[in-house]
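Let the sequences and hints guide you as you build the complete structure.
As they're listed, the protein sequences go chains A and B.
Once you know that position 171 of the first sequence is 171 in the working numbering, the rest is easy, because the numbers rise by one and skip nothing.
Once you know that position 152 of the second sequence is 152 in the working numbering, the rest is easy, because the numbers rise by one and skip nothing.
Read the hints as simulated data drawn from the structure, not as lab findings.
Incorrect hints may have been included.
[As the list claims (entries may be wrong)] Derived pair list, reagent style DSBU-like, types lysine-lysine, alpha-carbon separation capped at 35 Å:
no., chain 1, residue 1, chain 2, residue 2
1, B, K124, B, K56
2, B, K56, B, K262
3, A, K89, B, K426
4, B, K260, B, K190
5, B, K484, A, K89
6, A, K218, A, K228
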Amino acid sequence: MPPPAKQPNVRVVTLTIDGRDLSARADETIIEVCRENQIPIPSLCYLEGLSVWGACRLCLVELAGQGRLLAACSTRVTEGMQIQTNTEKLQRYRRTIVELLFAERNHVCSVCVSNGHCELQHMAQKCGVDHVRVPYRQASYPVDSSHEMFRLDHDRCILCTRCVRVCDEIEGAHTWDVMGRGSDCRVITDMAQPWGESDTCTSCGKCVQVCPTGALVKQGTSVGEMVKDQHFLPILARRRLAQ
Amino acid sequence: MNLDDLADLAEQYRAIDANVEREVRVCMAASCQSSGAAPVRDALVAGLGESQPSCKVKGVGCMGLCSAGPLVSIADRDGSLEESTIYRDVTADDAADIIASLDGPPVERLRCPTDQPFFARQQKIVLENAGIIDPDSFKGYVAVGGYSALIRALSEMTPADVLREVTDSGLRGRGGGGYPTGLKWSTVAKMPATQKYVICNADEGDPGAFMDRAILESDPHRVIEGMAIAAYAIGANKAYVYVRAEYPLAVERLQTAIRKAKRSGFLGNKIGDTQFSLEVEIRLGAGAFVCGEETALMASIEGLRGQPRPRPPYPAESGLWGYPTLINNVETFANIAPIVREGGDWFASIGTERSKGTKVFALAGTITNTGLIEVPMGTSLRDIIEVIGGGIPGGKAFKAVQTGGPSGGCIPAQHLDIAVDYDSLKTLGTMMGSGGMIVMDETSSMVDVARYFMEFCMTESCGKCVPCRTGTQQMHGILDRLAKSQATRAELALLEELCEVVQATSLCGLGQTAPNPVLSTMRYFRDEYEAKLGDA
Ligand SMILES: Cc1cc2nc3c(=O)[nH]c(=O)nc-3n(C[C@H](O)[C@H](O)[C@H](O)COP(=O)(O)O)c2cc1C
Ligand code: SF4
Ligand code: SF4
Ligand code: SF4
Ligand code: FES
Chain A
1 MPPPAKQPNV
11 RVVTLTIDGR
21 DLSARADETI
31 IEVCRENQIP
41 IPSLCYLEGL
51 SVWGACRLCL
61 VELAGQGRLL
71 AACSTRVTEG
81 MQIQTNTEKL
91 QRYRRTIVEL
101 LFAERNHVCS
111 VCVSNGHCEL
121 QHMAQKCGVD
131 HVRVPYRQAS
141 YPVDSSHEMF
151 RLDHDRCILC
161 TRCVRVCDEI
171 EGAHTWDVMG
181 RGSDCRVITD
191 MAQPWGESDT
201 CTSCGKCVQV
211 CPTGALVKQG
221 TSVGEMVKDQ
231 HFLPILARRR
241 LAQ
Chain B
1 MNLDDLADLA
11 EQYRAIDANV
21 EREVRVCMAA
31 SCQSSGAAPV
41 RDALVAGLGE
51 SQPSCKVKGV
61 GCMGLCSAGP
71 LVSIADRDGS
81 LEESTIYRDV
91 TADDAADIIA
101 SLDGPPVERL
111 RCPTDQPFFA
121 RQQKIVLENA
131 GIIDPDSFKG
141 YVAVGGYSAL
151 IRALSEMTPA
161 DVLREVTDSG
171 LRGRGGGGYP
181 TGLKWSTVAK
191 MPATQKYVIC
201 NADEGDPGAF
211 MDRAILESDP
221 HRVIEGMAIA
231 AYAIGANKAY
241 VYVRAEYPLA
251 VERLQTAIRK
261 AKRSGFLGNK
271 IGDTQFSLEV
281 EIRLGAGAFV
291 CGEETALMAS
301 IEGLRGQPRP
311 RPPYPAESGL
321 WGYPTLINNV
331 ETFANIAPIV
341 REGGDWFASI
351 GTERSKGTKV
361 FALAGTITNT
371 GLIEVPMGTS
381 LRDIIEVIGG
391 GIPGGKAFKA
401 VQTGGPSGGC
411 IPAQHLDIAV
421 DYDSLKTLGT
431 MMGSGGMIVM
441 DETSSMVDVA
451 RYFMEFCMTE
461 SCGKCVPCRT
471 GTQQMHGILD
481 RLAKSQATRA
491 ELALLEELCE
501 VVQATSLCGL
511 GQTAPNPVLS
521 TMRYFRDEYE
531 AKLGDA
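Structural data, given as structure tokens:
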């Protein structure tokens with residue numbers, strides 16, 4: 001007689017997404033289930049392997065029977081959920097959010113090293129943003145080139161905090177943080193010192209690789225070279241978890 | 001300790017001042033202190049000296065009519081506010097006249113009639129001790145029956161009994177949202193956990209609101225007692241009061257109250273000789289509006305940046321350091337002792353069908369009587385503004401009242417007869433909020449009002465989520481151009497669309513409600529927006 005099967009503690013639920021019947025583990029989030037099933041959900045702050053931040057709001061989806069939208073990255077699936085991921089309303093909201101991001105800092109792609117490899121730029125294309133209706137804010141933030149290998153350009157930053165999270169959660173250095181309020185928020189290194197003077201930075205470059213835009217780049221690279229590589233993240237994240 | 005022991009203690013404390021027949025009460029809350037209450041008290045103390053041992057000068061909490069401060073009242077030892085003689089705008093020079101009049105007729109030139117509706121029409125539950133007891137006196141609180149609700153709960157009721165009374169009372173959270181308190185308590189009580197927390201939200205950041213500050217400054221033990229009863233009901237042994245550092249007097253009185261309650265065995269280990277223990281700690285907030293939001297507040301207590309996180313999980317399930325946490329507003333906790341004392345049914349008999357009890361409001365703006373009032377839920381706005389508030393001064397006409405602060409909206413004259421409760425205000429596109437009411441006369445511009453609140457939200461946005469962080473900024477830009485008659489019709493349409501997006505997509509309540517002042521002023525005063533268009 002075989003030993004009694006050990007029941008894992010997680011239940012399986014069924015739900016529909018855009019009319020498709022799907023099953024999922026009850027501890028999964030909507031975005032995870034969508035990614036498994038090749039259902040596209042736009043996202044900028046979410047990155048597999050990092051903690052959930054829930055700040056870009058591009059992943060919002062509609063849930064039948066509820067007026068309030070849900071962030072796919074921070075909402076767990078439950079039994080019987082009926083989700084719509086791409087309604088006219090959601091498309092309109094996403095377009096506006098991307099426009100707001102473009103206007104907040106100075107995104108002029110033609111003079112940016114990340115041109116062609118930028119997640120914000122891709123998002124704009126995917127969401128159908130062909131012009132920005134709100135005025136550019138034109139705040140000029142400084143560029144920090146003090147690090148011998150990397151450069152930080154606040155004018156391209158969308159405050160997704162991927163750099164903050166990867167440095168804290170994966171590298172374990174916690175060099176990055178955020179200071180300020182509202183649109184004056186800025187990412188900082190250590191106690192708002194120049195990056196090159198940071199005591200904690202290990203120069204591992206993880207923050208540069210996970211940064212979705214041209215805010216964090218390698219010094220001296222050309223537009224063609226500045227391609228980011230994020231494949232290391234899920235692998236490292238799983239190893240950290242296993243430890 | 002049982003209720004009889006406590007009654008004996010109260011009797012002992014009352015006996016200390018047995019010879020006192022009359023009290024000269026000086027309001028020592030922040031507002032009256034800022035208009036010079038301390039010199040008045042000192043002059044009264046010096047003037048009275050030992051000449052009349054049956055009369056005592058006493059510093060008390062808020063009497064409500066803050067615009068007329070410093071306030072002094074003369075009352076029989078147990079007299080209520082309405083039964084006393086109240087003097088307004090008192091200076092140290094008036095002390096001699098007040099003392100001289102103690103045996104005769106009152107000083108007419110200082111007198112503030114207590115039969116006027118401002119005093120007569122109020123019903124005080126939360127503020128029943130405010131302006132009467134000395135907030136720094138533990139003995140004074142016990143002498144008026146303080147801590148009897150806690151001792152009753154501990155000695156005669158199970159946690160389930162307490163939960164039932166609170167649920168039966170129909171009390172809804174006074175911090176803004178109006179979530180049923182009993183339901184919140186039962187949810188936390190049901191959570192299986194080794195550790196649970198209670199938090200009192202005393203962050204109070206709405207412009208024009210000072211209800212929570214006044215409660216803490218007038219009757220701090222009352223709040224602590226409510227928190228202790230809550231902790232007993234849900235099974236917590238550790239509580240925090242999160243109060244903004246801009247409230248130094250409230251903090252000081254709270255500290256004194258916690259210290260004295262602990263020394264007398266009403267906080268700390270084995271309270272009232274039962275197995276129940278509770279530590280209460282104060283945490284100071286640096287004064288960021290968003291830190292009133294419960295998840296941001298908890299992050300701040302944990303020592304992190306005060307930023308909200310997505311809910312669920314709600315604090316009831318996963319709060320401070322991941323443990324189940326009950327978080328309530330100051331005024332919510334201040335309602336608990338009377339509910340336990342008089343019973344949930346008694347509380348539920350006051351107010352309206354779906355909003356029970358009373359509500360404390362802070363009246364501000366162009367209104368004759370500015371200050372603090374407490375009225376039953378369901379009192380009409382007209383009663384509050386025209387009768388209790390004394391109407392608009394200077395012969396001007398009423399235009400609108402703003403309720404709910406930056407999350408709320410404006411109510412025009414045609415809706416003045418509405419009965420104020422959570423749900424009726426929502427139907428008008430505004431909300432109860434924490435209880436601030438800003439009254440505006442015909443001279444105020446509604447576009448300016450909307451711009452003011454948008455500027456507040458823009459500068460107080462924590463910067464975490466995109467729609468709130470940059471949407472409020474773009475909305476403020478358009479409102480600013482509108483106010484200067486520079487905006488186009490297309491920009492007005494964009495403003496409306498941004499309102500929708502920011503409301504629907506923001507992460508926390510700050511962003512979700514930031515468009516409300518714009519939407520409500522547009523709803524009732526659209527013509528003012530149209531008249532301001534640059535290309536009209
Ligand atoms: C931006 C923001 C600010 C808030 N500020 C306060 C506050 O100052 N005091 C308060 O009690 N609740 C405040 N709240 C509501 C709290 O998050 C929470 O709902 C409340 O403290 C719960 O207590 P209650 O159920 O007793 O109302 C705020 C909410 C938001 C979104
Ligand atoms: S960061 Fe991206 S969106 Fe911004 S300028 Fe560079 S390429 Fe364009
Ligand atoms: S620097 Fe890059 S990764 Fe960091 S917050 Fe800005 S955009 Fe995100
Ligand atoms: S809505 Fe505003 S305050 Fe709330 S998380 Fe977003 S940016 Fe911060
Ligand atoms: S991916 Fe969900 S909010 Fe950014």
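Results for each hint:
{"no.": "1", "hint": "B:K124 - B:K56", "result": "25 Å, holds"}
{"no.": "2", "hint": "B:K56 - B:K262", "result": "28 Å, holds"}
{"no.": "3", "hint": "A:K89 - B:K426", "result": "24 Å, holds"}
{"no.": "4", "hint": "B:K260 - B:K190", "result": "32 Å, holds"}
{"no.": "5", "hint": "B:K484 - A:K89", "result": "32 Å, holds"}
{"no.": "6", "hint": "A:K218 - A:K228", "result": "10 Å, holds"}
In summary, this structure violates none of the numbered hints.
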